[in-house]
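Asks: So you can see what is in the structure, the chains are spelled out below.
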Amino acid sequence: MALLDLHRLWAVARKETIQLRRDRRSLLLAFALPLLLLLLFGYAIDWDVRDIALAVVDQDASPESRELVDGFLASGYFTLVARPASPSAAARLFARGEARLLLVVPPGFAADLAGGRTARLQVLLDGSDANTATIALAYAEAVARTFGQRVALHGELVTLPLVADSRVWYNEELASRNMIVPGLVAVIMMVIAAMLTSLTIAREWERGTMEQLAATPVTRLEVVLGKLLPYVAIGLVDVGAISALGVWLFGVPFRGSALLLFPLSFLFLCGGLGLGLFISAVTRSQVLATQIALVATFLPAFLLSGFMFAIENMPPVLRALSYLIPARYFLVVTRGIFLKGVGVEVLRVQGLLMLAFAVLGLALAVRSFRKELG
Amino acid sequence: MTGPAAAVEAKELSRRFGDFVAVDRVSFEVAPGEVFGFLGPNGAGKTTTIKMLNGLLAPSSGSGRVAGFEIGREREAIKRSIGYMSQLFSLYGDLTVVENIDFFSGLYGVGGERRAARRDWVLAMAGLVDHRDRLTAELSLGWKQRLALGCAVLHEPPILFLDEPTSGVDPISRRRFWDLIYELAGGGTTVFVTTHYMEEAEYCTRLALMNRGRLIALDTPAGLRAGAREPLLRLATPDPIGALAALDGAPEVVRVGLFGRDLHVTVRDRERALSRLPERLAAAGVRSDGLDEIRPSLEDVFIALVLAAGGAAED
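If you read the protein sequences in the order shown, they are chains A and H. Quick note: to get our numbering, add 4 to the position in the first sequence (first position is 1). Quick note: to get our numbering, add 797 to the position in the second sequence (first position is 1).
Hints are computed from structural coordinates only; laboratory data are not their basis. In this text, all values refer to a predicted model and were calculated from it rather than measured experimentally. Each hint should be verified, as a subset may be incorrect.
[Said to hold, decoys possible] Stretch by stretch, here's where chain A covers chain H in the computed footprint (C-beta under 8 Å, at least three residues):
no., region
1, 850-858
2, 889-903
[Said to hold, decoys possible] Over the 12 Å line for every Cβ pair with chain A, so calculated as not near, a few chain H residues:
no., residue
3, Pro-829
4, Gly-965
5, Val-966
6, Tyr-994
7, Ala-1042
8, Leu-1102
Yeah, the Cβ is synthetic: ideal placement off N, Cα and C, and Gly gets one too.
Bound-form chain H, shown alone:
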C-alpha cells in the first residue's frame, strides 16, 4: 500500500461501549483516489468505525490518521478536510434547498464568489435547479440524498465519508448517485463508503468486510471472488424447498441456500458433489433441471466469509 501518503489509515482501532466491543482492533489503509467499500451485516461496526475516523466518536484504543491528521487529537482539522454524509438524512427539512446549502457553506467557510459557484454546482449536480426554493422536507428521498452529498462536498474535501448513502432509494436514483461518486473520485476525491448492496460493492476499487467488529477480509472485488475456497454449484429445480430439505446436512454439502428460484450449494469437492447430489435428490423425489458449477457472486463470497467468521451478530 501507499504508506505515509494514505488518505485514511486505521491502526488497531477499537471502540467499546461498556462490555460490548463494537469495533475490535481494525487496521487498514485507503489510498488517495480510491473508492473504498466498507461492507458487513448490521451491527458489524461499520458506522462506529466511520464515526471514529471522522471525529464524531473517540476511539477506546488504537490510532489512525485521516488526511494526515491524527484521529482523536486533531478532530477539528479532520472535520475541515472531510465531507460526511450520515446514514439517516440529516439536513434541515424546514429549510429550503438553497438555505441548507448556504448554511453548510457558512460552516465550512466557503464564502464570496466561491460560495455562489459551489451553490450552482450543487444545484446542478443534484438536479435541483428548479427546486432551489422548495422546503427540503418535501423532496423525494433520491433528491434529498443528492443534496446531502452536495452539502458534504461544498468545501471540496479531499476525503468523503458516505454511510449507507443510498439506502431506501430506487435503483435509478442509486445508479445516479454512484455516477456522482465516480465523478468525485475521478476528480481525485477519496471516497469511503459503506453499503448493504452487493452490486454497489462491485463499483468499489477495494472492499473491506467487517463482521462482529472485526475486519475479516480486505481485497479488490475480483481478488475476493478468486479467493473463494469452496466450489459453488447451482441447482435448478421446480421444488426448491424440497431440494433444500434433501441437501441440507448432506456430507458433501457445506452450505445450501435459496437464491432466487435456484439453490446455491457450496460443496467440499466439486466432482464428488456432482456425482452424489443427483442421487440424493432422486431419493427424496425432487426433480433436478440441472446442476452445474458457477462463479461465486460477491454475495456468495461474503456470506461464506461471514459464516466462516462465526455468523452475523444479529443471528
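The shape of chain A in the complex, shown without the other chains:
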C-alpha cells in the first residue's frame, strides 16, 4: 500500500487546523507570543551605550573648557546631569549612581592650550558596570581627540596627524538593534516552532483519541506531516510578521530577498516543528512536552547560536556544541538576508545544514511516534 496517501494526510491537516482554530491557548502561542517576544527583547536588549550620565567639574571656566564640554554633549553619547563644585562633591554622585562619568577640567587648561603645552584632562569612571565604563571611556577619548585636532588646526601649530578613515559595512550605524532583530527572528521561531507542535501528539494521548486514530489505516508519516502542515503555514506567517515589525518598528534594514528568506525559513521550521512533535510523541504529556520544548530550544538558541555571544570567542567545547544548534544556521541566514542582502550562493551551506536538520527532526518524529499502544 502507499506509504503516503494524500487524502489521509489532508484529513489530518484539516482536523488539526480546526482544532487549532478553537484552541485559544495555541492561537496565542502561535500568533501573539512571537510578536510579544520581539517587542520584549527588541526593546530590552540594547548593547549600545547612549545618554551616559556625565558630571563636569570645570575648574578652568574658560571659553576653551566650555567648548570641550559642549563637544561632549554634542556627541550624543553624554547627558549632563550635574556640575558639582569639586571632585569630592562629584564622588557622592558616583556613589548614588547618578553619574557614570566625571570630567574634571583642571585650572590652567586654556593657558596650557594657548602655550602649546600638553593640556590635561581628568576622566573618572564608575567601573561597577565594566562594559559601559569601557565604552564610555572610548567615547570620551574620541571626543577629546576631536577637540584636540580642532585646537591644533585653529592654532595652525602642528602638522596634521594621521587620520584613519574607517568605514563600517552592513551595519553603518553599528546599531546593536540591527544585529538583534534578525537574530531574534531565529531565536523566537526556534522556540515557537518546537512549542507549537509539542502539544499535538501528547494531546491525542491524553484525551484518548490516539486509540481511535491508531485503529485507522492512517500511517505515521501521514499523521506527522498532516500535523506539521498547518504549523508550517503559521510559522511562515510568523516569520513574515516578525520581519515586517522589525523593519517597521525598529528600522532594521532588509536588503535581501524575501523569496530566499521564506524557503530557508521553511526548512528551519520543519526541523523545529519536527523536534516539537518528537518531544510530544516521547513524553505523551502536554505539560511536560511544552516544558522540555522550551528548555531544549530557548537557552541553546539564545546563548549558543551566536545570538548573544560570538561563537569564535566561546571555549572549544561550547563552540563544538554550537554546531548542533540549528538556530546557529538560521541566524546566519536572517542576518545575512536582512543586513547584507546576500543570496543563495552565500547561504548554501546553511541551507543544506537546515535541510539536514529538517530531515532529522521529521525522521525522529515519525520514528518515535508509535501507533501501537503500550
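Following the hints, position chain H against chain A.
Replies: Quick look at chain H alone, frame taken from chain A:
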C-alpha cells in the same frame, strides 16, 4: 465451525507484559455474520485480545487472522477491513459531529458522493441530524457512543470490534445501541463485542468467557446455561443476611450469594439440599418463605465458571 472462511480466528494467541500474562494461549473462531460476545471480569484480558486482533498490539506468541489477513504481519490491511470502537470515548470533543465524521471518512478513504451518503446515514443512524454542528464534547454519552459507532463503520467494514460500547449509558440508550448492532449484523457485518452486562450477553449468537487471560468457556447462551452442572436453588426469606450466614459453609452447599432480595444457593445434590437446608435455616432461627430450584441465569453460569477457574484476577 466454518474453517478457513472464519471472519476472525485466533490460534494460541498470547500477550505478556513483563512477567504478567495478560492473554494466555487463547484460540477461537468467529463466523461471518455472528454477533460474538466476549465476556469476563475486569483484567480478564478481553481488551488486550481485541487490541491484538485489530492491530493495536503485537502478540507475544500465537497467530490469528482477521478478514483473512494475518495479525501482526498485515496490520494495515486489517485496519482497512475493520471498524473499531474503543472502551473510552475517543472521538474529538473539540470537533463538531460532522467534522468528526468527515475526518474519519478521510482516514478511511471514503470520498466523493459516497462520503456525503455515509455522512447522512451516520447522522440519521445516531439521531444527530439536528445536532450536526454541535461540538461533540457537548453531546450526551448515548449520542457520543452512537456517533463513535457511526464513525467506526463509515467505510462499511465487514468486521466490527466494539470494546464495552455501552458502559455507563442508561438502559434505553443501551437498547437503542443494540438495535443498531443487530441492524449491522443483519446486513452481514461480523460483530465482535465485549461487555459486562449479562442481558447484553443474551443478545449474542455465541459467547466466549475469559478469566485471568484464559478462555474458559465458549458456546451459545443456551448451551452455556444447559451446561451448568450444579443445581441452583432460590431461597426467599425476610432475613437474607441471617440466611447467608446459616448456609455458607454447609456441606450440601457449593456456593451461596445474595441475588436481589433472594439468595441463590448452588448445591451438590438437589434432593438432599431441598430436605436438609430448611432444617439448617430453622436451627439458625431464619424464616424461609420458599426454597425451589430455578433455571440458572447467565450471570449464575458465569460466576460458577469464573469461580471454578480460580476466581477473578481482581479478587
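Asks: Hint numbers the structure violates, sorted upward?
Replies: Hint check: nothing fails, all pass.
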